[in-house]
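Asker: The residues making up each chain are set out below.
4 protein chains.
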Amino acid sequence: MKKSTKKASWKFRLHEIIYEADTPKGKLFDVILLVAIIASIILVMLESVENFDAKYHNALYVGEWIITILFSFEYILRIISIKKPFKYIFSFYGIIDFLSTIPIYISFIFAGSQGLVALRALRLLRVFRILKLARYIGASNKLLLALKASRAKIAVFLFFVLIVCIILGTVMYMIEGAENGFTNIPKSIYWAIVTLTTVGFGDIAPQTPLGQLIASVIMILGYSIIAIPTGIVSSEMTKTANEHHTNTQSCPNCLKDNHKENATFCYNCGSILNE
Amino acid sequence: MKKSTKKASWKFRLHEIIYEADTPKGKLFDVILLVAIIASIILVMLESVENFDAKYHNALYVGEWIITILFSFEYILRIISIKKPFKYIFSFYGIIDFLSTIPIYISFIFAGSQGLVALRALRLLRVFRILKLARYIGASNKLLLALKASRAKIAVFLFFVLIVCIILGTVMYMIEGAENGFTNIPKSIYWAIVTLTTVGFGDIAPQTPLGQLIASVIMILGYSIIAIPTGIVSSEMTKTANEHHTNTQSCPNCLKDNHKENATFCYNCGSILNE
Amino acid sequence: MKKSTKKASWKFRLHEIIYEADTPKGKLFDVILLVAIIASIILVMLESVENFDAKYHNALYVGEWIITILFSFEYILRIISIKKPFKYIFSFYGIIDFLSTIPIYISFIFAGSQGLVALRALRLLRVFRILKLARYIGASNKLLLALKASRAKIAVFLFFVLIVCIILGTVMYMIEGAENGFTNIPKSIYWAIVTLTTVGFGDIAPQTPLGQLIASVIMILGYSIIAIPTGIVSSEMTKTANEHHTNTQSCPNCLKDNHKENATFCYNCGSILNE
Amino acid sequence: MKKSTKKASWKFRLHEIIYEADTPKGKLFDVILLVAIIASIILVMLESVENFDAKYHNALYVGEWIITILFSFEYILRIISIKKPFKYIFSFYGIIDFLSTIPIYISFIFAGSQGLVALRALRLLRVFRILKLARYIGASNKLLLALKASRAKIAVFLFFVLIVCIILGTVMYMIEGAENGFTNIPKSIYWAIVTLTTVGFGDIAPQTPLGQLIASVIMILGYSIIAIPTGIVSSEMTKTANEHHTNTQSCPNCLKDNHKENATFCYNCGSILNE
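Protein chains in written order, with UniProt numbering: chain H, 1 to 275; chain Y, 1 to 275; chain P, 1 to 275; chain G, 1 to 275.
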C-alpha cells in the first residue's frame, strides 16, 4: 500500500481509519464498532426482559446513550471524511447508520409520551443496527453469486409453493372447517405453509381422517420438494466450484484467460502457456 | 415480427392481443388478467373471514361479480379468436378458464338454497383460478425437465417412504395403543408420516420409553433419507447444468456438436468453428 | 425368449408364470398378487378402526381368510415350482411369504384365547406382507447402489448425531430438570433427537432461558448438519450419473471399455473406435 | 509389521497393545474398552431413571466403581507406556481420559454432601466418556476434510441465519407481544430460530393474522435457505469425489501428476506411465 510515504491530509487519514482496515488504527476502529454493535443488540434484548429492566433500568439507559453518542460520532465522521457525502448518506449503509442513531433522540424529545406504541416500536428499530455488521461480511463472496445466479429458479419454486399452499389450504378449510381450528382460508393457508415447510407447530392439526390423509400428502410433498431449492443451489455451486479449477494466467499470445489449471497449450490459439 | 405490415382480420388482431404478449395491447391484457386473478383469490380468502364478510359482504359480492363477468368475457374472447375452439375448450387452460366462471352462476341460480354445503364447496372451487397463473410461468423451464427426468427415482423413493410408514405406524399402534393417542392403524400411519417427514405436529406423541425409542429411529431415518430426493434432483440438475456449457453449433468439417461455449477450434478434428 | 417352442413340463410352465412376468399369464399372476397384498394391508388397517370393525367384523373376517388362503396357495406353488425349494424357503422372500400366511392360522388354533396380547400382536404382523411388494421394485436400481457406496460415511454421520444427542440430552437434563419435563436422561436424549432432526413435537420444550439457548444451538446444528448426508448422497449420485456419460462400446484393439460418449480414439491404446 | 522379530521391552509391548489395534491383544483391549464405554453411558442413563435407580441402586453403584477402576487403570497404563507422558496428558484424549475417571472419586470424597447440585452435575459429566469413542472413528476421514474446506462459507451462513432471527424475532415481539407468549426479545428470537430451522415446537405460536403472515415468511425462508449449507457441502464433496478419480503417480518423463486412475499414457506428454 505504501500510503505512509504520501503526504496525506487529516481527512485522508480519517478516511483510511474509518473506511479501511489495513492499518492498526483502522483495525482498532473496526473492533470498537463491532463491540458497540453487539453491545447495542444485547441492550435492546435485555431491555425487553421485564425482570431485568426493572432492576437495571438506569444502567441500560446510560449504556444506550453511550452507544447512541458513539454511533452519532461515527456517522458524522463518516460524512466528514468522505469526498461525496451525499452518496454515502443515501447509500444502504448510510441509511442504516442514520437509523441507528435517530430512534433514541426522538424518544428523548417525546419523552413525556414515552408510553406510546409508536415510540416503543421506534426504540425496537434499534435492532436493525445489526445490519451494520453486514459491512464485515463483504458483498463479493461466492455464496451470494451462486444465489444470485439461481434467483429466477428459486422465485419459480417459491411461486409454486405458494400456489400449492393456497389450493391445499382452501381444500383443508372445506374439509376440516372452523370447528377443528381451520376458522378461515388465510388461517388454513398459514397451516398449509406450516405443514409443507415441515415446521409443524401443532397449534392447528387436522382431526378428520380425510383431513389427515390430505395433510399426509402435503407433508410428503413438502418433504420431497425441498429437494428442488437444494438441487438448484447445489448445482449452481458445483458449477461455480468447477470454474474455480481454471487458473488466473492469460495466454501470452492471444491474452485469453480461464485456462484449465494444468493446461500447457492455450485452448484458443494453441500457443504455449508460461508456467 | 413485422406483423403490422400484414393485413390482419379482427380475429387475428384479437388472437394477437389475447394469446401473445409482444404487443403493447397484449401486455396490457396480460396485466389486467394478472390483477384480476390475484384480486379474485384475495376475495375468496376475505369472504371466509367471518368478521370481514359480515362488514363488507356487499362489496365482496359486487367485486366477485365484476371478476366473474371479466373472466366470462375473457373465456368467450378466447373461444372466438382461436381457429380450433374445441381444442382450447378441452385443454387444461380451457377447463380452468371455464371453471373460473361457472361456480358463481350456479350459486346464483340456486340462490335460495345458498346454505347448502355443496354450493359452498363449489364457491370455494374459485380458488383454482390461481392455476390461470400457470400460463405466465411457461412449461418449458429446465426445472420441470430435471424433475421429469428424475420422476421414476422419486416414485421409488416415495413408495419406500410409504412402506416404512405403514410398517412403523403399525408397530407404534401395537406399542403405544389407543390410550396414548394411537387409536387405530391409519392414525398411527398418519403419525409416522408426520414424524418421518420431520413435521412433528405434536398432537400425538409417544409416551412409553419403547415408543420413544422407535420414534427416535423414525426421526433419524427421516432426517437421513431426505438426502435421497435431494441427491436425485441435485445430480439431475448438475447434469442439466453441465450440458448448458456446450453451445448448439456444429463443426463445418466433421459435423460434431457439443462444443464448449467459447471454443474456436473443433475438439474432434481441429477445424475452425464459425463464430 | 422363444420358450414356447420348447417342450416344457407343467413345473416349468408354473415357474414361468410365478417367477417371471413376460408372459400374459405371468403378468396376470403378478397383478392378482399385487391387488391381494394391497387389499390385505387395507384389511389390517380397517380392522384396527373400532367403529368400522364393529360394523363389518364378519366381512373383514371373511376377507382375511380369502387372502390368507390365496397367499398359502401362492406359497405352496412357489415351493413346488422351484428346483431348490429350501433355497427359496430360507430366502428373504420365502420367510416373508411364510409369515404372510401363518398368523391367521395360529390365531385360529388359539381362537378361545383371542384376547391375548401376543395373539393380537401376531395378527398385526400381517402388515409385513407389504414387504412382498419389494419384489416389484427390483434390487438392481441405481439408487440403492449410490446408497450402498455411501454406507460407511452415513454410518459415521449417524454415529456423530447420536453422540451429540447423548451429550446435549444429558446437559439439558442438568439444566431443565424433571420439573420442566426432562424427567430422566433417556427422555432428554429423546428430546434432543426430536430437536436435532427438526421434528419438534413440542410435548417437551425447554422453559429456562439457558435451556432455550442450548436448544437454539441444537436446532441450528441440526439445521446445518442435515447438509452432510445430503452432500454425501448428492456427490455419490453425481458420480454415478457422470459414469453414465461413458458409452458401452469397447475398443476393437485392446478391448477396454468406459470410453467417453463422443470419443473417436481409444483412451488406452489410441486405436480408432467403431462408430 | 514383523515386529515380533524385534526384541521389545515390556513398555513397547504395552504400547503396542494400548495404542495399536493390529495385534490380537490390541484388538481385545479395544473391544473391552469399547464395551466399558458403552456400559458406562448406559449406567449414567439408567441412574437418572428414578424407578430404576430406586430398585437397582446398589448394582448401579458397583458397576460404576468397576468401570471407574477400569478407566483409571487404562489411564495409568497409557501414561506409563508412552514416551512423552505429558504430551498425552494434555492432549484432547488425555483430558477426556482423565475426566472419565475423576468425577466418581470426588463424589466419593464429598460423599456426605452427595445431594449438592455441583456434585450431581459432576457425576453427569461422566457422559462425556462417550468422547472416548472418537478414537475409533479416526480424524483422517474425507467427511471432515470436506467440512473443514467449507468452514468459512458455513460460518457466513450461520451468521446470516442469526441476523435474520434477531431481526424477525424483534419484529414478532412488536407484533404479537407478551399476551401471545412472546414475553421478551430473547424468547422471540428463540421462537424465530425454532421456526426458521423448521423445528416448530408449538409451545409458542403466533395468534394475530399479521404475526402468522410474518411467520409464514420465516418458514418459507427457512425452507428455502436450508439449500445453502446443503449446496456448500454437496459441491465441496463432489469436488473431493472428483479428485478421487485421479491417482497419485506422476509421469516419469514430465513429472505431471493427477492422472486418471486407469490411464496408461501421460495426458501431458504422452509418455507411458509406470503401472
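I should point out that these hints are in silico values taken from the structure, not numbers from a laboratory. Hints may contain errors.
Said to hold, decoys possible - Below, computed lysine-lysine pairings styled on DSS-like, alpha-carbon distance capped at 25 Å:
id, chain 1, residue 1, chain 2, residue 2
1, P, Lys239, G, Lys25
2, G, Lys84, H, Lys239
3, H, Lys239, P, Lys239
4, H, Lys84, H, Lys27
Asker: Hint by hint, say whether it matches the structure.
Answerer: The hints, checked one at a time:
Proximity of Lys239 of chain P to Lys25 of chain G is assessed by CA-CA distance (about 41 Å); at most 25 Å being required, the pair is judged violated. At roughly 48 Å between alpha-carbon atoms, Lys84 of chain G and Lys239 of chain H are farther apart than 25 Å, so this suggested pair is violated. Between Lys239 of chain H and Lys239 of chain P the CA atoms are separated by roughly 15 Å; this keeps the pair inside 25 Å, and the hint holds. Restraint check for Lys84 of chain H and Lys27 of chain H: satisfied, since their Cα atoms lie roughly 23 Å apart, inside the 25 Å limit.
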